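Colleague: Make a model of the complete structure from these sequences and hints.
In order, the protein sequences belong to chains D and G. Using this note's numbering, you'd call the opening residue of the first sequence number 1 and step up by one each time. Using this note's numbering, you'd call the opening residue of the second sequence number 1 and step up by one each time.
Hints are computed from structural coordinates only; laboratory data are not their basis. Be careful, since some hints might not be right.
[Claimed, not checked] With a cut-off of at most 20 Å between alpha-carbon atoms, the simulated SDA-like pairs for lysine to any residue come out as follows:
1) D:Lys12 to G:Lys104
2) G:Lys132 to G:Asp70
3) D:Lys58 to G:Gln126
4) D:Lys25 to G:Pro21
5) G:Lys25 to D:Lys61
6) G:Lys26 to D:Thr69
7) G:Lys12 to D:Gln4
8) G:Lys165 to G:Ser138
9) G:Lys104 to D:Pro21
10) G:Lys26 to D:Ala99
11) D:Lys61 to D:Arg133
12) D:Lys26 to G:Lys132
13) G:Lys61 to D:Thr69
14) G:Lys12 to G:Asn48
This structure is a prediction, so every number in the text was calculated from the model and none was measured.
2 protein chains.
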Amino acid sequence: MNQQYPSALLEKAVGEFAKLPGIGKKTAMRLVLHLLRQDSSVVEAFGNAIVTLKREVKYCKVCHNISDTDTCQLCSNPLRDASTVCVVENIRDVMAVEATQQFKGLYHVLGGVISPMDGVGPSDLQIESLVKRVEEGSVKEVILALSSTMEGDTTNFYIFRKLAKANVKLSVIARGISIGDELEYTDEVTLGRSIVNRTTFTGTV
Amino acid sequence: MNQQYPSALLEKAVGEFAKLPGIGKKTAMRLVLHLLRQDSSVVEAFGNAIVTLKREVKYCKVCHNISDTDTCQLCSNPLRDASTVCVVENIRDVMAVEATQQFKGLYHVLGGVISPMDGVGPSDLQIESLVKRVEEGSVKEVILALSSTMEGDTTNFYIFRKLAKANVKLSVIARGISIGDELEYTDEVTLGRSIVNRTTFTGTV
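Modeller: This is how it looks when you write it as structure tokens:
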């Protein structure tokens with residue numbers, strides 16, 4: 001369908017929305033017309049929020065998480081255990097681990113995983129700064145919490161090699177069947193790992 | 001899941017995106033992080049496009065369609081047939097009819113349909129201006145192209161009553177089974193209308 005926009009401004013706004021991932025021309029049009037029906041103040045607030053974020057956002061100089069300050073809330077919190085560092089791909093993973101309320105240490109955000117197909121090499125990630133952080137001596141354990149993909153595994157192995165000489169315990173998050181999953185529908189690799197990495201039963205799972 | 005945002009600016013931007021229809025917190029986060037990875041110029045262009053649209057958009061004083069000028073491209077085009085006016089709900093419907101390339105007349109954008117449930121009465125729509133436009137005398141036919149819903153039918157009937165005394169032909173777009181549809185799966189009301197409003201077969205459908 002060859003769309004003929006009645007207004008160049010409308011076409012431009014729809015075009016900008018349609019650049020977002022997962023948003024096509026039709027959805028973009030719906031979103032723009034929705035905003036157009038709102039008060040000017042609402043539209044200004046929307047436009048300013050994203051521009052202000054991009055302009056003023058900082059990245060924590062310790063863990064590289066998004067932050068409003070030079071050192072993020074987590075890294076500057078004296079109640080967190082600074083001797084344990086959880087290595088994650090991105091900000092969303094920090095939020096996901098935080099939501100579990102099972103981890104009281106600090107994070108290190110790599111900014112991705114090694115992926116030659118996408119042109120992402122070790123130097124594009126915050127790996128050097130992780131090594132430096134470990135070499136400073138206060139970190140006792142590094143937990144690798146990357147995706148269970150080939151790229152994640154490659155990155156895990158790269159970090160393992162880089163930290164081989166450092167006096168630090170290196171662990172990886174457990175892989176196994178999800179809580180609530182049935183054995184029958186679990187893929188054999190995951191099930192196999194679940195069996196190999198079985199833990200002592202203590203009455204509760 | 002209780003989300004703990006690492007940055008108030010991030011939370012605000014995600015909140016603004018999540019206000020859009022059909023966009024939840026997770027999608028909002030994905031969109032914001034996508035924009036954050038882009039150049040500042042891209043983000044500024046995005047933010048400005050929607051704010052500029054809201055600030056500078058005009059509505060055609062004849063047909064009330066969105067326009068960059070006081071009178072829209074369609075209404076100011078001398079090649080269009082000004083004696084036929086197609087009444088539609090909104091801008092998207094203008095674009096949908098235009099995309100068919102089957103209509104060479106002008107439009108009249110109501111801005112919605114009469115819907116007491118949503119608090120939309122006749123005075124909230126561009127019905128008075130349609131009546132005035134018809135009374136000026138150059139319109140020969142008004143085509144009602146509203147949604148085939150109770151609200152659309154109510155609005156059709158309201159306009160029919162309002163234009164009863166005017167010397168104008170009033171027609172409504174054909175309802176029937178869609179091109180490519182099978183009879184078996186067509187609802188009986190639509191199929192019934194298709195039979196009642198059958199047209200003479202001339203070799204092509």
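Colleague: What are the numbers of the hints that this structure violates, sorted from low to high?
Modeller: Per hint list: 1, 3, 5, 6, 7, 9, 12, 13 violated.
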